[in-house]
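Residue numbers (our numbering), protein chains in the order written: chain B, 1 to 299; chain L, 1 to 337.
Read the hints as simulated data drawn from the structure, not as lab findings.
We treat Cβ as the ideally placed atom computed from N, Cα and C, and that holds for glycine.
Take these hints with a grain of salt, some might be off.
What the hints assert, rightly or not - If you anchor each label on the Cβ, the simulated ranges turn out as follows:
| hint | chain 1 | residue 1 | chain 2 | residue 2 | range |
| --- | --- | --- | --- | --- | --- |
| 1 | B | 85 | L | 158 | 20 to 26 angstroms |
| 2 | L | 236 | B | 197 | 36 to 42 angstroms |
| 3 | L | 158 | B | 56 | 37 to 43 angstroms |
| 4 | B | 69 | L | 50 | 49 to 55 angstroms |
| 5 | B | 39 | L | 249 | 32 to 38 angstroms |
Stated by the list, open to error - Reference listing, derived: stretches of chain L covered by chain B, where coverage requires no fewer than 3 residues with Cβ under 8 angstroms from a Cβ of chain B:
| hint | stretch |
| --- | --- |
| 6 | 145 to 158 |
| 7 | 271 to 278 |
To be verified - Partial list, derived from the structure: chain B residues whose beta carbon lies under 10 angstroms from chain L:
| hint | residue |
| --- | --- |
| 8 | 37 |
| 9 | 136 |
| 10 | 143 |
| 11 | 149 |
| 12 | 225 |
| 13 | 259 |
| 14 | 262 |
| 15 | 269 |
| 16 | 278 |
| 17 | 288 |
Here is how the chains run, residue by residue.
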Amino acid sequence: MLTTFRTWALDDTPTSRRQAAWGRRYRIWLALRRNPLAMIGLAIVIFFGGLAILAPLLAPWDPAAQDLAHRLARPSAAHWLGTDELGRDILSRILYGGRVTLGMVISIVIVVAPVGLVVGCVAGYFGGWIDTVLMRVTDVFLSFPRLILALALVAALHPGVQSAIVAIALTAWPPYARIARAETLTVRSSDFIAACRLAGASPRRVVFRHIMPLCVPSVIVRVTLDMSSIIITAASLGFLGMGAQPPSPEWGAMLAIAKRFMLQEWWVALSPAMAILLVSLAFNFLGDGLRDVLDPKQN
Amino acid sequence: MIRRLKSLGSQFGSVLATLFGLSVVTFMIGRVMPVDPVIAAVGDNASQEVVAKARAAMGLDEPLIVQYWHYLTQVLHGDFGQSVLTHNEVASDIAHYFPATMELATYALIIATVIGVPLGIWAAVRQDSLTDQIIRVICLAGHSVPVFVLALLALIIFYAGLGIAPGPGRQGIIYQDMITPVTGFLTIDCLYAGDWDAFRDAVAHLVLPVSILSYFSLAYITRMTRAFMLDALRGEFIVAARAKGLSARKVVLNHAFPTIAVQLLTVLALTYAGLLEGAVVTETVFAWPGLGLYLTKALMNGDMNPVVGCTLLIGLIYVALNLLADILYRVFDPRVS
Numbered sequence: 001m002l003t004t005f006r007t008w009a010l011d012d013t014p015t016s017r018r019q020a021a022w023g024r025r026y027r028i029w030l031a032l033r034r035n036p037l038a039m040i041g042l043a044i045v046i047f048f049g050g051l052a053i054l055a056p057l058l059a060p061w062d063p064a065a066q067d068l069a070h071r072l073a074r075p076s077a078a079h080w081l082g083t084d085e086l087g088r089d090i091l092s093r094i095l096y097g098g099r100v101t102l103g104m105v106i107s108i109v110i111v112v113a114p115v116g117l118v119v120g121c122v123a124g125y126f127g128g129w130i131d132t133v134l135m136r137v138t139d140v141f142l143s144f145p146r147l148i149l150a151l152a153l154v155a156a157l158h159p160g161v162q163s164a165i166v167a168i169a170l171t172a173w174p175p176y177a178r179i180a181r182a183e184t185l186t187v188r189s190s191d192f193i194a195a196c197r198l199a200g201a202s203p204r205r206v207v208f209r210h211i212m213p214l215c216v217p218s219v220i221v222r223v224t225l226d227m228s229s230i231i232i233t234a235a236s237l238g239f240l241g242m243g244a245q246p247p248s249p250e251w252g253a254m255l256a257i258a259k260r261f262m263l264q265e266w267w268v269a270l271s272p273a274m275a276i277l278l279v280s281l282a283f284n285f286l287g288d289g290l291r292d293v294l295d296p297k298q299n
Numbered sequence: 001m002i003r004r005l006k007s008l009g010s011q012f013g014s015v016l017a018t019l020f021g022l023s024v025v026t027f028m029i030g031r032v033m034p035v036d037p038v039i040a041a042v043g044d045n046a047s048q049e050v051v052a053k054a055r056a057a058m059g060l061d062e063p064l065i066v067q068y069w070h071y072l073t074q075v076l077h078g079d080f081g082q083s084v085l086t087h088n089e090v091a092s093d094i095a096h097y098f099p100a101t102m103e104l105a106t107y108a109l110i111i112a113t114v115i116g117v118p119l120g121i122w123a124a125v126r127q128d129s130l131t132d133q134i135i136r137v138i139c140l141a142g143h144s145v146p147v148f149v150l151a152l153l154a155l156i157i158f159y160a161g162l163g164i165a166p167g168p169g170r171q172g173i174i175y176q177d178m179i180t181p182v183t184g185f186l187t188i189d190c191l192y193a194g195d196w197d198a199f200r201d202a203v204a205h206l207v208l209p210v211s212i213l214s215y216f217s218l219a220y221i222t223r224m225t226r227a228f229m230l231d232a233l234r235g236e237f238i239v240a241a242r243a244k245g246l247s248a249r250k251v252v253l254n255h256a257f258p259t260i261a262v263q264l265l266t267v268l269a270l271t272y273a274g275l276l277e278g279a280v281v282t283e284t285v286f287a288w289p290g291l292g293l294y295l296t297k298a299l300m301n302g303d304m305n306p307v308v309g310c311t312l313l314i315g316l317i318y319v320a321l322n323l324l325a326d327i328l329y330r331v332f333d334p335r336v337s
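Produce the complete structure using the sequences and hints provided.
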């Protein structure tokens with residue numbers, strides 16, 4: 001099965017568009033597989049993703065169940081990672097917290113990547129005043145540090161997960177627009193685009209069917225590299241009390257509370273800290289590997 | 001010449017446009033509040049009449065565009081309004097807190113540069129070796145660790161565990177308010193006052209937050225230096241220098257490095273801007289009395305004038321540093337026309 005897929009995908013003379021596309025994907029995968037750091041990153045991402053999805057099955061305790069008799073307990077057989085200030089099981093909270101974090105990250109990326117893609121492609125393809133206006137707007141949002149703008153926006157809306165998503169999304173799209181625009185500029189005047197236009201394709205068709213797909217790989221790389229920064233921003237918001245609110249088991253919010261007793265009960269702080277660290281490190285490893293594979297400038 | 005003027009003009013225009021956008025965004029943030037500022041000022045129990053009067057007094061009954069105009073003229077006069085909570089002028093509050101942040105960011109940048117640039121050059125010269133891989137992992141880790149996680153870990157280890165670092169804050173209690181601020185940089189003020197004990201205390205308090213902040217930017221500086229250096233080492237003039245029999249050290253330091261120096265300067269300018277962001281989180285962990293602590297306190301209380309003031313100021317610094325980076329590029333790099 002795998003070998004037939006392999007020969008089919010690596011065929012030098014693909015007979016269909018689908019075969020060519022899969023061949024390209026498979027070659028990327030082969031190149032990525034040679035990068036040990038990227039593979040470690042991928043493994044951790046899949047691991048944490050699996051933990052988050054399966055949290056209800058895996059968590060030994062209810063993440064909200066309080067047990068004040070056993071508050072701030074050291075790691076033990078019953079509570080692998082110990083308990084927090086209300087006697088809640090930290091392992092279960094970390095598992096459920098992964099759902100909050102990954103949920104936030106996914107919703108942000110789903111909003112941000114397409115918006116950045118469309119803005120960048122439209123600006124790059126049409127040029128002129130459209131380009132100027134769109135890029136000025138992009139510049140304005142780029143001229144704020146991401147966390148500061150997100151903080152101010154969340155404060156203006158209302159602290160919570162939804163506002164954090166909106167705020168981070170508003171601060172995260174400009175780099176994608178920049179990248180998509182740069183990519184568009186390099187292909188805009190190529191012959192195949194001219195051929196499309198001569199064949200009577202409308203500007204919309206040219207942008208959406210012919211230019212945008214070419215911008216997707218670099219945007220994907222950027223998204224992967226951005227993941228860790230989005231996770232960190234989300235956790236920082238939670239830590240500063242502006243993101244997910246307690247009792248939500250979001251990792252940053254957990255840390256904010258654990259900070260109070262970290263000098264004696266350090267394990268309460270250690271687990272969420274390690275979770276944030278591992279996941280964002282994993283995304284960075286993966287993104288770095290992907291860039292090496294996908295970025296044509298490197299080869 | 002005309003082309004040059006034209007490009008300068010368009011750059012000036014783009015900066016103006018960005019500043020305009022900045023003011024609009026901060027204005028909007030200030031207007032969309034969770035708490036009605038009028039109610040916050042007069043209290044829940046005020047009568048309709050009082051509320052209406054206060055609303056008019058605050059200029060909030062006028063159309064949005066007029067309000068924006070008021071906001072803009074105020075800001076241009078350096079007036080960011082008052083804090084609802086303390087009734088202090090936001091502008092003087094910022095003037096009071098900002099030097100502490102600057103001190104943190106400046107020392108962090110200096111240390112990050114001194115370590116990061118050689119590290120990046122080293123990684124580039126030894127491309128793909130074990131050294132390069134280790135440096136790469138160190139840098140990626142720097143990108144991945146949230147500042148507050150590192151800060152908490154550092155406090156646990158060095159303050160609570162080993163007891164060799166002083167606790168949070170900028171000064172020990174006995175030195176509090178002993179030094180008259182001149183520059184706002186505590187270390188310099190101590191030296192100016194000739195108080196060596198206070199100076200040692202200030203430096204000791206700086207060590208942890210500065211190390212953490214500098215690691216954060218070191219990752220970026222090292223990475224960029226490596227990329228620039230790799231690019232420079234591919235140049236034909238490097239092959240020529242090597243062919244002439246120059247030592248590897250001379251090739252790298254005297255021939256390759258000068259070509260990337262300008263690019264590095266622009267990176268440093270941008271890093272400094274990024275440090276301000278890191279400082280906000282670091283300050284909350286270390287209880288460092290700077291802009292970040294001021295900002296987060298205001299955020300907690302929904303006190304929007306300080307929030308808007310700080311956001312605007314940091315945005316302005318960002319724009320200014322970007323502009324500076326651009327100008328440096330144009331002035332010092334003959335390859336940019």
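The hints, checked one at a time:
1. Against the hinted window of 20 to 26 angstroms, the Cβ-Cβ separation of residue 85 of chain B and residue 158 of chain L comes to about 24 angstroms, which satisfies the hint.
2. Between residue 236 of chain L and residue 197 of chain B the Cβ separation comes to about 40 angstroms, which falls inside the hinted range of 36 to 42 angstroms.
3. One distance hint, 37 to 43 angstroms for the beta-carbon pair residue 158 of chain L and residue 56 of chain B, holds here, with the actual separation near 40 angstroms.
4. Between residue 69 of chain B and residue 50 of chain L the beta carbon distance is about 52 angstroms. The supplied range of 49 to 55 angstroms therefore holds.
5. Taking 32 to 38 angstroms as the suggested C-beta distance range, the pair residue 39 of chain B and residue 249 of chain L conforms, at roughly 36 angstroms.
6. Counting residues of the stretch 145 to 158 of chain L whose CB falls under 8 angstroms from any CB of chain B gives 9; the rule of at least 3 is met.
7. Residue count for the stretch 271 to 278 of chain L with a Cβ under 8 angstroms from a Cβ of chain B: 4. That meets the three needed, and the coverage hint holds.
8. Evaluation of the residue 37 of chain B hint against chain L yields a held restraint, the C-beta minimum of about 8 angstroms falling below 10 angstroms.
9. Hint status for residue 136 of chain B: holds, given a least beta-carbon distance of 5 angstroms to chain L, under 10 angstroms.
10. Residue-level restraint check for residue 143 of chain B holds (minimum Cβ-Cβ distance to chain L is 5 angstroms; threshold 10 angstroms).
11. Annotation: residue 149 of chain B was flagged as interfacial toward chain L, and the flag holds, the nearest CB pair being 7 angstroms apart, inside 10 angstroms.
12. A hinted interface residue such as residue 225 of chain B counts as satisfied when its beta carbon comes closer than 10 angstroms to some beta carbon of chain L; here the least separation is about 9 angstroms, so the hint holds.
13. Of the supplied interface hints, the one on residue 259 of chain B holds, with its beta-carbon coming within about 6 angstroms of a beta-carbon of chain L, less than 10 angstroms.
14. Below 10 angstroms, beta-carbon pairs count as interface contacts, and residue 262 of chain B has one with chain L at about 6 angstroms; its hint therefore holds.
15. With its C-beta approaching chain L no nearer than about 6 angstroms, residue 269 of chain B sits inside the 10 angstroms limit, and its interface hint holds.
16. The interface hint given for residue 278 of chain B is met, as the beta carbon of that residue sits about 9 angstroms from the closest beta carbon of chain L, less than 10 angstroms.
17. For residue 288 of chain B, the interface hint holds, since its Cβ comes within 10 angstroms of a Cβ in chain L; the closest pair sits about 6 angstroms apart.
Violated hints: none; the structure is consistent with every hint.
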